[in-house]
Amino acid sequence: MSFVKYLAVLPFLGILVGVPLLNQVQPLVMGMPLILAWIVLWVVLTAVIMAIVYRFDPANRDSGEPRV
Amino acid sequence: MSALIIIVATIVGVLCLGLVARRGTVMDLEQWTVGGRGFGTILVFVLMAGEIYTTFTFLGGSGYAYGHGGPVFYILSYGCLAYIISYWLLPPIWRYAKQHRLIAQPDFFAHKYDSPALGLLVALVGIVALIPYLVLQLKGLGVIVGAAAYGSISPTVAIWIGAAVVTTYVMVSGVRGSAWTAVVKDTLILAVVLFLGIYLPIHYYGGYSAMFSAVDAAKPGFLALPAKGESIAWFDSTVLLTALGFYMWPHSFGSLFTAKDERVFRRNAAMMPVYQLILLFVFFVGFAAILKVPGLKGPEIDLSLLRLSVQTFDPWFVGVIGAAGVLTALVPGSMILISAATLLANNIFRAFHPQAADATVSWVARMLVPVVALVAVIFTLRGGSTIVALLLMGYSFVTQLFPTLIACLLPHNPVTKEGAIAGIFVGVATVAATSLTHTSIAGLFPGLPATLRDLNIGIVALVLNLIALAVISAMTRRRPAYA
Numbered sequence: 001m002s003f004v005k006y007l008a009v010l011p012f013l014g015i016l017v018g019v020p021l022l023n024q025v026q027p028l029v030m031g032m033p034l035i036l037a038w039i040v041l042w043v044v045l046t047a048v049i050m051a052i053v054y055r056f057d058p059a060n061r062d063s064g065e066p067r068v
Numbered sequence: 001m002s003a004l005i006i007i008v009a010t011i012v013g014v015l016c017l018g019l020v021a022r023r024g025t026v027m028d029l030e031q032w033t034v035g036g037r038g039f040g041t042i043l044v045f046v047l048m049a050g051e052i053y054t055t056f057t058f059l060g061g062s063g064y065a066y067g068h069g070g071p072v073f074y075i076l077s078y079g080c081l082a083y084i085i086s087y088w089l090l091p092p093i094w095r096y097a098k099q100h101r102l103i104a105q106p107d108f109f110a111h112k113y114d115s116p117a118l119g120l121l122v123a124l125v126g127i128v129a130l131i132p133y134l135v136l137q138l139k140g141l142g143v144i145v146g147a148a149a150y151g152s153i154s155p156t157v158a159i160w161i162g163a164a165v166v167t168t169y170v171m172v173s174g175v176r177g178s179a180w181t182a183v184v185k186d187t188l189i190l191a192v193v194l195f196l197g198i199y200l201p202i203h204y205y206g207g208y209s210a211m212f213s214a215v216d217a218a219k220p221g222f223l224a225l226p227a228k229g230e231s232i233a234w235f236d237s238t239v240l241l242t243a244l245g246f247y248m249w250p251h252s253f254g255s256l257f258t259a260k261d262e263r264v265f266r267r268n269a270a271m272m273p274v275y276q277l278i279l280l281f282v283f284f285v286g287f288a289a290i291l292k293v294p295g296l297k298g299p300e301i302d303l304s305l306l307r308l309s310v311q312t313f314d315p316w317f318v319g320v321i322g323a324a325g326v327l328t329a330l331v332p333g334s335m336i337l338i339s340a341a342t343l344l345a346n347n348i349f350r351a352f353h354p355q356a357a358d359a360t361v362s363w364v365a366r367m368l369v370p371v372v373a374l375v376a377v378i379f380t381l382r383g384g385s386t387i388v389a390l391l392l393m394g395y396s397f398v399t400q401l402f403p404t405l406i407a408c409l410l411p412h413n414p415v416t417k418e419g420a421i422a423g424i425f426v427g428v429a430t431v432a433a434t435s436l437t438h439t440s441i442a443g444l445f446p447g448l449p450a451t452l453r454d455l456n457i458g459i460v461a462l463v464l465n466l467i468a469l470a471v472i473s474a475m476t477r478r479r480p481a482y483a
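Residue numbers (the numbering used here), protein chains in the order written: chain X, 1 to 68; chain B, 1 to 483.
It should be emphasised that the hints constitute simulated quantities derived from the structure, not laboratory data. Heads up, none of these hints are tricks.
Derived list of chain X stretches under chain B, where covered just means 3 residues or more per stretch with a C-beta under 8 Å from a C-beta of chain B:
| id | region |
| --- | --- |
| 1 | 10-18 |
| 2 | 36-44 |
| 3 | 52-61 |
Taking CB as the label site, the calculated pair distances span:
| id | chain 1 | residue 1 | chain 2 | residue 2 | range |
| --- | --- | --- | --- | --- | --- |
| 4 | X | 5 | B | 448 | 36 to 42 Å |
| 5 | X | 29 | B | 311 | 26 to 32 Å |
| 6 | X | 44 | B | 467 | 33 to 39 Å |
| 7 | X | 5 | B | 362 | 39 to 45 Å |
| 8 | X | 29 | B | 356 | 58 to 64 Å |
| 9 | X | 59 | B | 103 | 22 to 28 Å |
| 10 | B | 194 | X | 48 | 20 to 26 Å |
| 11 | X | 59 | B | 157 | 52 to 58 Å |
| 12 | X | 26 | B | 406 | 37 to 43 Å |
| 13 | B | 100 | X | 52 | 31 to 37 Å |
| 14 | B | 217 | X | 61 | 51 to 57 Å |
| 15 | B | 220 | X | 37 | 15 to 21 Å |
| 16 | X | 6 | B | 316 | 51 to 57 Å |
| 17 | B | 448 | X | 29 | 31 to 37 Å |
Positions of the beta carbon are idealized from the N, C-alpha and C atoms, including for glycine.
All chains should be built: construct the whole structure from the sequences, respecting the hints.
Here's what the structure looks like:
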């Protein structure tokens, strides 16, 4: 967990640093303006990253919870 | 007229549901989402996804996409960052609140800092921030009733009707509200927005690529952040402000106290971001409207979704869309109204009448419901702001509580109660002064570089808040006994 939790910093960088760098409409990605497609990518990655953090966090161990 | 009939029927139906809920068959939403595994994952998805849609996202989100373009993407961005913060922020708050049996946000601050005065201030900040939030729901109700009446009801009358409906709803269904209404609302709004967000771009443009290309050709650069005004500096500061303020609202603070165990918050941090993607469809509606119902200006942009619907569909279907919209305003609107009235009664009235009986306090809360609604109507009628601007104003207020909250969760809190009060006071006063006088940083300091000029004023207030907090804390700190 010690270093896995630092993954949570990435979405902050992706959105607060990435969006200003990729602030343009063209090219369209998956039919969406580039800036929007980039944000969508980070929304999905945030969910993935937080699922990983959850999995490795010792605070969530040993429970009867069947779902992640 | 058929649109209006469907909407009126919906309102009457919702009030009946409220009456039923009050008669004792209260349907607990927990049963649907947690206990009722028999209902399956699809229903759980519908409820969670439908919850994302409020008046703010439904009318405000589409309207902002229509009128402002690229800057609307902030709405999709801040939720994710807020959920990440929640993973570490909510469990310690929940633990402390459970241990000390605290049920409201001001109680939490008052207890942590051992200062009833701070609790009073936090309650006031909460009420002040809830007012624009309530105003935007009423605005939404007014927009819907006005559009569904095809011009036969004036906006002013529509807003009065909206306020009367919310107030009646709260008075009828009581403090618990009706979970059935939430179920109907979440299902209906999800179906409506998914349909609109898919159908309209295909119907009018042939697809998403074609739609965005057409908009980009007509308004080059409109779909990205502009160089001035709502620029990248505005985007970053606004995303940060709203992400930090996400859990500072009195009503979200209140609902987290009801969670059964702290792991729920951590699991949600991984689940909730995905639901945010549902917001895309409401943006698509707003973008589709840009070239099809051009010319809406200023606060009128909130009308774009309904204008395009009126132009595209038969009146009965406009009625269905309007009914979904009414529910998305009614459910959160009633919750906000209850929060504000309860804060006023429990944390302000009781502070000055400590000997008041519980029955008296809940009577005061009930009597305050129409009063708060009336105040919101007055602000709504003064008009001038878009739905998104109203919510941002509320966020500027509640986010001022963030530094004080974080500090008190630290193992050794460096902030004194005097520092906390000073920080919150300075931050909130800055926001109030700038929003009442409509001042922007660009207006105050035209010589500043563009990056600083475009910063969200709430972030500037937050910096002043931190300075006051640090200075006053340093001046009033007592020597710790163990040092």
